[in-house]
Structure formats: C-alpha cells, structure tokens
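Sequences listed follow chains E and Y, in order.
The first sequence begins at 1303 in our numbering and counts up by one.
The second sequence begins at 931 in our numbering and counts up by one.
Hint data in this document are derived by calculation from the structure and do not stem from the laboratory.
Backbone N, C-alpha and C define an ideal beta-carbon position, used for all residues, glycine too.
Careful, some of the hints might be misleading.
Claimed, not checked - If the Cβ cut is set under 10 Å, some of the chain E residues that face chain Y in the computed set are: (1) Gly1355; (2) Leu1359; (3) Ala1459.
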Amino acid sequence: MDMNILKIFFPVVLLAIISASLGIARGQVEGRPVGDSVKSGQVANNVYVKECGACHLAYQPQFLPKRSWVKIMNTLDDHFGENASLDEAARTQILAYLAGNSAETSRSKMSRKILSSINDADTPLRITGTSYFKKEYDEFPPDVFKRKAIVSPSNCAACHPAADKGDFNEHNVKIPKN
Amino acid sequence: MRVFSVLKAVSLFIMIVPMVSFSADFNSETKQYIQVLETQAKKQESTFKGFDPERGKKLFFEEHPNEKTGKISCATCHTSDLKKSGKTLVGKPIDPLAPSVNRNRLTNVKEIEKWLLRNFKQVYGREGTAKEKGDVLMFIKTQ
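Based on the provided sequences and hints, a complete structural model is requested.
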C-alpha cells in the first residue's frame, strides 16, 4: 500500500468521522422531548427557534400566559399583519412547547410580575403590550426604539445581546446610539 | 514530518470542499423542484419559454402598498444587495440570500417553498405563480 495515499486519506476520513458524529450529536438534541426545557431562560426547542426565530427572537415562553400562546399559534396566518403559517406538525409541536413552559409554569420573579400585570379577562398577544413591559420601559422615549439598529421594541437582542440565552439583566444592556 | 503531511492533506481537503459546494448549479433536490415549476408554468401559459432571471429581478424589486411599512418589496427586508445581510420588519438580521456568499441558500426545497409562499403573500398579497417563483429563484441563483 502506498503510504502517501494513506497519509492523504487518513485526515479526510478523520474529518468525515468527526463531522458525522457532530451530526449525530445534533440529532440527539433535536430528538429531545418537547417540554423538556430549561425554565430559567435558554429556549430549548429547536423547531421553535428555527421557525419563529427566523423573523424575531424566539421569545422565552415564560413571558406570556398559556392562553396567549394558544391564541398566537392559532392565528399564524395573520401574525401581526404577516403570514407566518406553519405546517401542522411544526405548529402543534411549537404550541406544546410554548404552552408547557408558559409564565404559569415558571417560578421566576419576572414571570410572576408579568402574570400579575395582566387582567384575567385579557389575552395579550404581545409581550410589549403587557403593563409589566410598558412600566419597565416607560423611561425610554418611543423614538429610541426607532433607531436603525433597534427598529422595534420587539427586537430584544438589539439592546440585550444575550437575550436568546434569557439574559435580560440591566447591567448587560447595551443600547445602540443610532 | 508526518504532522506536516497531515496538515497538508487537511488544508487540501478544506480548499477542495468549498470548491465543490460553491458550484453554480442547483443540487438535485432543487433541480427537481424547478422542473416541477416548469411543468406547471407550461400548463398555465402555453407560450412559456423558460424561467428568466431578469423577470425575477423585476419581481424582487417591485414595490407594493403595505399597512406597516407604507411600501414593501422583497428588497425591503433582503436589501437591494443580496450578498449582504438583511433585516426582518422587527429588526432581526437575515442571512444573505445570494448563494455565492451563503451556500445553504436554495438547497432545501421545503424551506424554499415555505418562504416563497409566505413572502409572496407578504409582498404581493397572494401566492406566486409557478412562473414567478421560478423567475425569482433564477434571479437569486445569479447572485
């Protein structure tokens, strides 16, 4: 056997094995049962992150009550003026994740404050529409949110760089100047 | 010495991989989808002569009235330079559409169909026809 050929192919095979095992690892994460989430902020549902996170932050389910998620996921064809319809399998999987990890399931202070800021008769569709959010952000004039790098108050990650990890700590906030 | 030859081989491998995957042609999955669109387009329009990236470009930049933004086109979110990152209406970055800088684009038919459906509805207020979809895909492919 020509040793040169072996020398060339060994790393290729090695790389192939490594990338294949990475693929398997990823598959395991995807296969994680729905509802097996980290309650403290990191969003743990890949379908949710992929489908909903394509257009906006995959907001932590702990930010809204269950009834809100149900209503949102039942009206995706008109999602704040956009068509966000999903195939039925993805829709039901995401709904199960959101409903199973809604504010009611969380012990966090934030979830409790959000829930107590919502009237029982109301079903808010926007986190930014809750009294809790409005009170937290009333120090900012509305044009701050219109800055080019922010665009809208729904764009949490513009000022909370690790919003996707559930980090909304005030000390880590960086507000873009433009 | 052996370490060096291993390194050489690895760097050769790394150089070759993008060359293969950057090839200008659709993968077989996407090719098949284009053929399906072609058949539909012929059925809907007997004079159909094939997809045209120039028509696709027009569709991409055509502006329509929109409640939120006043006017909207595909370029509103994807920008007029498809090699650059875009931004959704709430400000989240969108990876570039151009396959020349984002090799994942136009490789997954399920994704292509989902976004063509959503975004035609978003911009045009209706689904795209087979001809329009093919034209737009051909335009994106040239980028």
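These are the hints, each one checked on the structure:
The interface hint given for Gly1355(E) holds, since its Cβ lies 8 Å from the closest Cβ of chain Y, which is under the 10 Å cut-off. A cut of 10 Å between beta carbons decides the hint on Leu1359(E): the least distance to chain Y is about 7 Å, and the hint holds. Hint status for Ala1459(E): holds, given a least beta-carbon distance of 7 Å to chain Y, under 10 Å.
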